[in-house]
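S.K.: Line by line, the protein sequences are chains P and D.
The working numbering puts the first sequence at residues 39 to 360.
The working numbering puts the second sequence at residues 39 to 360.
You can take every hint at face value.
Note: identical chains are not told apart, hence a pair may lie in one copy or across any two.
As a list, the in silico EDC-like pairs of lysine to aspartate or glutamate whose alpha-carbon atoms are at most 20 Å apart:
hint: 1; residue 1: 280; residue 2: 236
hint: 2; residue 1: 69; residue 2: 95
hint: 3; residue 1: 259; residue 2: 329
hint: 4; residue 1: 280; residue 2: 329
hint: 5; residue 1: 280; residue 2: 185
hint: 6; residue 1: 326; residue 2: 232
hint: 7; residue 1: 286; residue 2: 236
hint: 8; residue 1: 69; residue 2: 86
hint: 9; residue 1: 220; residue 2: 306
hint: 10; residue 1: 207; residue 2: 312
hint: 11; residue 1: 259; residue 2: 328
hint: 12; residue 1: 62; residue 2: 103
hint: 13; residue 1: 220; residue 2: 312
hint: 14; residue 1: 326; residue 2: 236
hint: 15; residue 1: 101; residue 2: 91
hint: 16; residue 1: 220; residue 2: 305
hint: 17; residue 1: 69; residue 2: 91
hint: 18; residue 1: 286; residue 2: 329
hint: 19; residue 1: 87; residue 2: 60
hint: 20; residue 1: 280; residue 2: 328
Since the hints were derived computationally from the structure, they do not count as laboratory data.
These figures come from a predicted structure and were not determined experimentally.
There are 2 protein chains.
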Amino acid sequence: MKIGIVGATGEVGRAMIKVLEDFKVPVKELKLFASKKSSGKILTFNDEKIIVEELTEDAMKLKYDFLLFSAGSDVSKKFAPIAAKYGNIVIDNSSAFRMNKDIPLVVPEINGYLLNNYKGIIANPNCSTIQMVLSLYKVHEKFGIDEIFVSTYQAVSGAGYKAIAELQKQLNGENITSVFPKQIAYNVIPLIGDITVDGFSTEEYKMINETRKILNDYTIKVFPTTVRVPVFYGHSEAVVVKTKIPFKEISSIENEIKNSKDVIFSDEVITPIEIAGTDYVYVSRLRKIDESRFAFWNVADNIRVGAATNAIRILMVMAGLS
Amino acid sequence: MKIGIVGATGEVGRAMIKVLEDFKVPVKELKLFASKKSSGKILTFNDEKIIVEELTEDAMKLKYDFLLFSAGSDVSKKFAPIAAKYGNIVIDNSSAFRMNKDIPLVVPEINGYLLNNYKGIIANPNCSTIQMVLSLYKVHEKFGIDEIFVSTYQAVSGAGYKAIAELQKQLNGENITSVFPKQIAYNVIPLIGDITVDGFSTEEYKMINETRKILNDYTIKVFPTTVRVPVFYGHSEAVVVKTKIPFKEISSIENEIKNSKDVIFSDEVITPIEIAGTDYVYVSRLRKIDESRFAFWNVADNIRVGAATNAIRILMVMAGLS
Numbered sequence: 039m040k041i042g043i044v045g046a047t048g049e050v051g052r053a054m055i056k057v058l059e060d061f062k063v064p065v066k067e068l069k070l071f072a073s074k075k076s077s078g079k080i081l082t083f084n085d086e087k088i089i090v091e092e093l094t095e096d097a098m099k100l101k102y103d104f105l106l107f108s109a110g111s112d113v114s115k116k117f118a119p120i121a122a123k124y125g126n127i128v129i130d131n132s133s134a135f136r137m138n139k140d141i142p143l144v145v146p147e148i149n150g151y152l153l154n155n156y157k158g159i160i161a162n163p164n165c166s167t168i169q170m171v172l173s174l175y176k177v178h179e180k181f182g183i184d185e186i187f188v189s190t191y192q193a194v195s196g197a198g199y200k201a202i203a204e205l206q207k208q209l210n211g212e213n214i215t216s217v218f219p220k221q222i223a224y225n226v227i228p229l230i231g232d233i234t235v236d237g238f239s240t241e242e243y244k245m246i247n248e249t250r251k252i253l254n255d256y257t258i259k260v261f262p263t264t265v266r267v268p269v270f271y272g273h274s275e276a277v278v279v280k281t282k283i284p285f286k287e288i289s290s291i292e293n294e295i296k297n298s299k300d301v302i303f304s305d306e307v308i309t310p311i312e313i314a315g316t317d318y319v320y321v322s323r324l325r326k327i328d329e330s331r332f333a334f335w336n337v338a339d340n341i342r343v344g345a346a347t348n349a350i351r352i353l354m355v356m357a358g359l360s
Numbered sequence: 039m040k041i042g043i044v045g046a047t048g049e050v051g052r053a054m055i056k057v058l059e060d061f062k063v064p065v066k067e068l069k070l071f072a073s074k075k076s077s078g079k080i081l082t083f084n085d086e087k088i089i090v091e092e093l094t095e096d097a098m099k100l101k102y103d104f105l106l107f108s109a110g111s112d113v114s115k116k117f118a119p120i121a122a123k124y125g126n127i128v129i130d131n132s133s134a135f136r137m138n139k140d141i142p143l144v145v146p147e148i149n150g151y152l153l154n155n156y157k158g159i160i161a162n163p164n165c166s167t168i169q170m171v172l173s174l175y176k177v178h179e180k181f182g183i184d185e186i187f188v189s190t191y192q193a194v195s196g197a198g199y200k201a202i203a204e205l206q207k208q209l210n211g212e213n214i215t216s217v218f219p220k221q222i223a224y225n226v227i228p229l230i231g232d233i234t235v236d237g238f239s240t241e242e243y244k245m246i247n248e249t250r251k252i253l254n255d256y257t258i259k260v261f262p263t264t265v266r267v268p269v270f271y272g273h274s275e276a277v278v279v280k281t282k283i284p285f286k287e288i289s290s291i292e293n294e295i296k297n298s299k300d301v302i303f304s305d306e307v308i309t310p311i312e313i314a315g316t317d318y319v320y321v322s323r324l325r326k327i328d329e330s331r332f333a334f335w336n337v338a339d340n341i342r343v344g345a346a347t348n349a350i351r352i353l354m355v356m357a358g359l360s
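Let the hints inform the model, and build the full structure from the sequences given.
M.R.: Pasting the structure below:
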């Protein structure tokens, strides 16, 4: 297979290369693209050194089996349609096309069937959404989800490598604030993205809208509070769910979570630092509120499960590799 | 006034000394008590050096205007009843007596009337509870609170100075875990206290039970997830509330919060590091869910508002100083 990664030098781009290696995807040729500034950098794939090239329109007109985009919405909006027009399959990690009704928004374990015979642009969901819907899709199938209240504890890596550097610099005593609106070291910031007219933030609206689209049920109500915490890798979520059909016993919910693909249920408390670098969603602290409501805690590596791994899983389904 | 502080060398004990200074409480004599290990230390109050004495039963039998306890439940259980038996007023920051039906659990702004003509032991509530009920008591008076969903982001100082040192050591690269069950640096831990039989933790039960007792309404349902974060000072809470009577317009809730004593409403996002060292609860990110539900974010200094300041406010009400 010939694969191209756009935004190869970023946090998610580098993780995509790593996941291709880890999942032993049979890549014959890997092309890496980035901005002019990052072109010329050398990255390694399966011990082979690859020079990063500058992203150009012409490069997008060539033929690839898959193009993986993770270079931000503006780059995706400009270059992904060109690549698609020239017959390429684009798996796009940005938010550019997620809510476009003609573009599938895919978590393969949940709605991978949308990939059958599909050509063009496929959207990779928001990191916080992916790990939440993975822990809930089987519960939704069985009992129907009515409402979700979720408070997030999101790692800085979700905002890219500059954000990681910013936290590290602040921890080293530097008084620098550029990626985040306030200091993140020794602090938590209850705002990701911008506040919209009704008070919910753009990040919160991603969780609201993407959850409905992925679970294909626009009656689901989601009320998030998205918060940045001084963690490098691994998003956490405190979730409360109300089902449409009473589940009665919490063991019924536990069973559905255990039946969910790529989700690990644990009786022990799981924290983000312990599971960083893995490809699973970890659910713990499951507890019953009443016969139709329950609470739980979930954690997942936001760069892998929440971005790179989901993109590679889409690729593998489309390539007939899983 | 003659005041004694038991547990004077701890985080809350030291803050009590500071708040007595800041609030210009007219203290004639201040006695400081701690464990044998900490006795002999010298602390400063209004530029006066005071030698910390070992806590003894005999010392509790002397006459004070107020004894402030913050040395843990075991110490309170042993020494507070002796002090009370000998006619002293004890303001106890531990959880030892909070749920005792004969002991008032007081946030002065809310139920300070319980202090009228009262003698004996008064319980200071849990830090997370105090800041939550302070932002909600006026809403409860007007609309009646039905349900609260709360996810906390709790600073390490809530677990004492050893916990602060543990985070600092971990940030310095030391591989030490003793106060917390897992590493807290670059991590979040969704467990404070122990897990009980139904899955909720002892810390979560403090919020459930104390909220009902302080607001004097045992129909209120509280569903907390309490989480430790790598912040030194300042607890944060993402809260969703359902009222019994529809409030309809979110401005009605905003008005009640603005009318709440020692609570500051803000249109700007407020983070814990910004308000550490202050004596107010800061409410921001208020938003409407529907006509009887709303969400908000609150932050307060857990050592001051959540412990020392509340204790001194109780003292001042009883001493007729406020």
